[in-house]
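> So the protein sequences, as listed, match chains A and B.
If you read the first sequence in this note's numbering, its first letter stands for residue 61, the second for the next number, and so on.
If you read the second sequence in this note's numbering, its first letter stands for residue 61, the second for the next number, and so on.
In case anyone wonders, no lab produced these hints; they're calculated from the structure.
Every value quoted in this text rests on a predicted model; they were computed, and no experiment measured them.
Each hint should be verified, as a subset may be incorrect.
Identical chains share a label here; the pair holds if one copy fits it or two copies do between them.
Claimed, not checked - The calculated lysine-lysine pairs, modelled on DSS-like cross-linking and capped at a C-alpha distance of 27 Å, are: (1) LYS110 with LYS219; (2) LYS83 with LYS157; (3) LYS731 with LYS418; (4) LYS219 with LYS416; (5) LYS416 with LYS372; (6) LYS219 with LYS408; (7) LYS510 with LYS553; (8) LYS510 with LYS372; (9) LYS380 with LYS432; (10) LYS408 with LYS372; (11) LYS758 with LYS157; (12) LYS157 with LYS219; (13) LYS114 with LYS431; (14) LYS757 with LYS439; (15) LYS83 with LYS114.
There are 2 protein chains.
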Amino acid sequence: MKRFGFLLFLLGLHEISFAQTLKSPNGRFDLQFAINAEGRPTYQLKFDGKDVVKTSGLGLELKKEKADKQETFDNSQHTDASTIDVKADMMYGFQLKDQQTSTFDETWKPVWGEESEIRNHYNELMVRLYQPKNDREMVLRFRLFDDGLGFRYEFPDQKNLTYFTIKEERTQFVLTDDHTAWWIPGDYDTQEYSFTESRLSEIRGKMQDAITPNSSQTPVGKACVQTALMLKTDAGLYINLHEAACLNYATMHLNYTESTKTFESWLTPDGQGDKGWMQTPCVSPWRTIIVGRSGKDILASRMTLNLNEPCKITDTSWIKPTKYIGVWWDMITNRSHWSYTDDFSSIKLGETDYSKAKPHGRHAANTENVKKYIDFAAKHGFDAVLVEGWNQGWEDWFGHEKDFVFDFVTPYPDFDVEGIHKYAASKGVKMIMHHETSASTRNYERHLDKAYQFMVDHGYPAVKSGYVGNIVPHGDHHYSQWTNNHYQYCIEKAADYHIMVNAHEAVRPTGICRTYPNLIGNESARGTEYEAFGGNTVEHTTILPFTRLIGGPMDYTPGIFEMDCSKMQKDNHSKARTTLARQLALYVTMYSPLQMAADIPENYDRFLDAFQFIKDVPVDWQKSVYLEAEPGQVVTIARKDKNSENWYVGSTVNGAGHNTRLSLDFLTPGKKYEAVIYADGKNADWERNPQSYTITKKSVTSKTVLKMKSAPGGGFAIQLKQKN
Amino acid sequence: MKRFGFLLFLLGLHEISFAQTLKSPNGRFDLQFAINAEGRPTYQLKFDGKDVVKTSGLGLELKKEKADKQETFDNSQHTDASTIDVKADMMYGFQLKDQQTSTFDETWKPVWGEESEIRNHYNELMVRLYQPKNDREMVLRFRLFDDGLGFRYEFPDQKNLTYFTIKEERTQFVLTDDHTAWWIPGDYDTQEYSFTESRLSEIRGKMQDAITPNSSQTPVGKACVQTALMLKTDAGLYINLHEAACLNYATMHLNYTESTKTFESWLTPDGQGDKGWMQTPCVSPWRTIIVGRSGKDILASRMTLNLNEPCKITDTSWIKPTKYIGVWWDMITNRSHWSYTDDFSSIKLGETDYSKAKPHGRHAANTENVKKYIDFAAKHGFDAVLVEGWNQGWEDWFGHEKDFVFDFVTPYPDFDVEGIHKYAASKGVKMIMHHETSASTRNYERHLDKAYQFMVDHGYPAVKSGYVGNIVPHGDHHYSQWTNNHYQYCIEKAADYHIMVNAHEAVRPTGICRTYPNLIGNESARGTEYEAFGGNTVEHTTILPFTRLIGGPMDYTPGIFEMDCSKMQKDNHSKARTTLARQLALYVTMYSPLQMAADIPENYDRFLDAFQFIKDVPVDWQKSVYLEAEPGQVVTIARKDKNSENWYVGSTVNGAGHNTRLSLDFLTPGKKYEAVIYADGKNADWERNPQSYTITKKSVTSKTVLKMKSAPGGGFAIQLKQKN
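Bound-form chain A, shown alone:
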């Protein structure tokens, strides 16, 4: 039997029962869908006539009905037609039932974005498959764009498939060679790893070092990575693997097998090890393969957004791109604290009486301090002020998997909610709410309506939510279907209250902000805070646009002007691995409709000329032009303000420094612009001289070419104001 299975397998590679091809609108991509001799659906993707993804298997393995609890880590890729249980088999024995091709071409306007109009143009192949042994149907839908492929599984309403549980999705990506990859370890509970650049064959060997400590983490597999995964072939082809529209489904990791150069999907389980509770009709997220001849093509791709549904919010007038400051870096650097007192060994909300507690004197979210931030925001034209640590419970919020950890409506004694509301309103400044949930999702949902109403009542149009620590209910994970469903519940409920959401430690985005543009930000990667926890890698911000940002904007919180954290708190020896000029650049290179100026007002007061760029830079764009884009090396982007004729350029580089020949040919020909150039100083260097910068002004046109020199760990930022 075993030998026979193996024979079938061999035949499977060559004998094809059905095949169908599809071309991208520009003709450069070829998709071939086929059903192999075992009845397994497969696909193959070519670009300019050459393989990008070789013939790769599709399908899912279901949980056996009434099976015992699954072994979560039993994720062998070697399930084949001879070993899989019949009822659990959604991989083998399929036949073609129907197929349709179609073309779609539409231009839509995002509520906010990197450009004001986005073209959604693809050719589609829908294949309806029939599996006689289970009398089941499954649909595969492929959308081939000029920048790559998206495909998903669809499970139609049918007699023999209504409710089912996914044991594992078995989507393969068979690659052509030992590409270079920029990756972080697969993990069910954190995305906050530094990127490793390595050959695919080196992932396994480098995994141990790549898994650095985190407040909640569940690393998975020996060679399993997260998406968006950035790849580059030796021939200079850029490939990005991710997913789009991950809704009511578990987040995908990719597990690598060296012998076959194959990545296979590896979903995030719930606390029982199950990977998806499905009810037909339903669909999987889109699996995306963005492909380009340069890194710029990857950054310019809008495929992830295009594969999401159009906006479901009718009135979007209340969704406003926002630039903000916050009571935050003070605590991140340990200069002050989220908590209020040292009096209590633990907190029981509603029982612990803070009114009699002795303040420890380092609580930053006090009315007086917050008013200073409001003054600073008003003075410098910021839209809003975030305040963390305003509500009771921070004395023991972390590490206990505590159920009732916060109530989201009860301030500390020294935080005058109503007074601050009135003061901010009088200054024309909005407040940004902070809801740290401590990952206690049931507790958050129990308080959500009251918490959102509290925001509406007190002038908070946006919330930064946080999911630090292990998920409660105990045993569940940050990116399971159950928890993903929680994040989405919050987004949709927030929309009912006209609240914008910026969720930290929540699942990495997959373009859902197209459908729910009140999701104005996510963290979901290693952000600026790590610059105070030992530092990010110098090249970190040259990789994020190719990885984390493929799914949507990140609240990276740039703008650190004092890199030496010991200046904040003497025992903090961390140093932000960046020059000051590069911090300015990030407002352009790290696209987000929500941008923070993360440093404390005192530090900005020391560098008001440089701070001017942060004040000037928009947070919404008409157009974006990708000028340089090499992961791990350099990202240089020019963007045109959505509401004016002005352009902004940002460039961030790695530890080697970089020279940029910057042609301004994106400017409107015949127009004159005043350029304000924020560049690294002559001897600037992230390690030895990070605060050296120059500001120069000059008149330029579309014919101007600037020679820019970025220091190691540096970058530059340019404002280009069109003259009348």
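Starting from the structure of chain A, add chain B where the hints point.
Below, chain B without anything else, positioned relative to chain A:
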């Protein structure tokens, strides 16, 4: 080491480092608390100088910090001082730190109950223990009443014990002999088993047969039973083991070891196998041992209520004992359906369009039918009408562990919520809401505020909630701390809306209705519905008062007048194992402030003379007198109406029938009463002639003695109206 451990164990039985005794107020009970040679706290309970519970160990075993997931079924009782991990040890190595005794005597008035005043009288021993090896304290609090003992663990706020996770509570009940027990199998997900009467030594052997199928069940252990557990010694002592005030804690089972005649606590785990997430200061529920010389003493005990906190609801004016009918038995017998249509293979709320669906014609919760019930309720003086199956989703609500299964606010097209509300109000009838959750607890909590507000808006002052099926989140259980916390959340939130709760399939009650008297009912045992599913045992209602009802009232839904279910639906061959007269008796013997007349109006119309008793019987009492009480044989109770001088007597008997010498000496001497006696007919028999009854009237006084004859599976009911 092993031998040394064994030696210590032997010594432990005899060498005691500290001992303290306590007497009950009446002096008949002696409690001895001691710390044995291993430093394990122990207790011993004597009644009238004889052991009830022999020296029994106390303490808990904690989850090791950062331990791997526990094996749920590894519940060996043989953890001893030599094998337990130090940090996990809350059983051994304790010393006395402090002790206090005190006396309490108070009479309080329940909002509703078996009597209008309850005396709470006990002597208390508080023992503060110190465990040097972990530098921890634990308190044991014993309350010795005239009817038995309650004790609990208390975990004070302290440096070395703040957050901890319980692996198992190790409370022992070492019994003196091979008593007779009335028990149901231990199970994490159902309480709906028939009782088995057996010797303790027979539990293990009879377990297999006792575990009958249920919609969700997780039987545990080989000789593990649920509480309240009723025991009787050969010397005629009655002992009841249960718990009181199970709040934010897992429900306890009792696991039996024959060799030592010992029951040990066995808590319900969450989906990860953990049995309690604790934060000091906190307490366990009370473990209760009610003891009496007769079964009547057990039924008369108010210990369970007394061990709960006083009422926390300030204004209780809206809490009203309620007699109701409902659109229910129709569906239970399968004559009609909860669902509306056969059109859909599955339902997605908000997507499935019922407005175009073809009704299958058997949907009972339609406006016309409901109005008939309202008419019937108004005509016969019932307070309220329950309607099940009114809301969308019943086509596939069960068996799929479906998350978004009901929204609790969207009626079927044929159910006119507002019209019914107005009609009922015009007739002076209240509506009772039905919230079947399908055990999807997150989904219920998400909709709870809107669902309760919907009730307030539409004239529903009470809700019957249901938890049929496996708990969602997947893997959790019906009686875990997590899920118990959910039920309590619903009760407390309902109180905010002035809503009374009657939760079915929820955790068995533990007297919480004292603190939250809006918890007016629970099912939490095998109810009348099983009479349509094959039948309850004939003696079932003679056991429930000693078991399920110890914790609080049950919505048993008596009043079935047509025992032959095939008269309802021809294919239903189930027969209610009862006579008609016994059905009347249950309104007295099965105490509840919420009583249903469960049969359909057409069946009551056939027996209006007997129905008169159901119309007359109160649902709230001044006083209760227990006349006969033998589990498995007979329960006869007299109760005095809370609002008049009238008395009511009920008696339910087993399959052997029973003769009762009924002395009416509980009546006020010197007063005359008209007795209306509803008795089994001469040849009545639950199996062959269940509907034979007699109604006789006679004048009686406190000196009257009635000779009552109950048929096999029969009983009687008497109304005693005081004459002016």
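> Does each hint fit the structure? Answer for all of them.
Hint check:
1. LYS110 with LYS219: neither (41 Å within a copy, 66 Å between copies)
2. LYS83 with LYS157: within (21 Å within a copy, 82 Å between copies)
3. LYS731 with LYS418: Answer is neither: 63 Å inside a copy and 68 Å across each miss the 27 Å cutoff.
4. LYS219 with LYS416: between (64 Å within a copy, 20 Å between copies)
5. LYS416 with LYS372: For LYS416 and LYS372, only the inter-copy Cα distance (25 Å) is at most 27 Å; the intra-copy one is 48 Å.
6. LYS219 with LYS408: Between. Shortest inter-copy distance 16 Å satisfies the 27 Å Cα cut-off; intra-copy 51 Å does not.
7. LYS510 with LYS553: Classified as both: same-chain Cα gap 12 Å, cross-chain 13 Å, threshold 27 Å.
8. LYS510 with LYS372: both (24 Å within a copy, 22 Å between copies)
9. LYS380 with LYS432: within (24 Å within a copy, 55 Å between copies)
10. LYS408 with LYS372: For LYS408 and LYS372, only the inter-copy Cα distance (18 Å) is at most 27 Å; the intra-copy one is 39 Å.
11. LYS758 with LYS157: Cα proximity of LYS758 and LYS157: none, with 65 Å in one copy and 81 Å across.
12. LYS157 with LYS219: within (16 Å within a copy, 68 Å between copies)
13. LYS114 with LYS431: neither (60 Å within a copy, 67 Å between copies)
14. LYS757 with LYS439: Intra 24 Å, inter 91 Å, cutoff 27 Å: intra-copy only.
15. LYS83 with LYS114: within (16 Å within a copy, 83 Å between copies)
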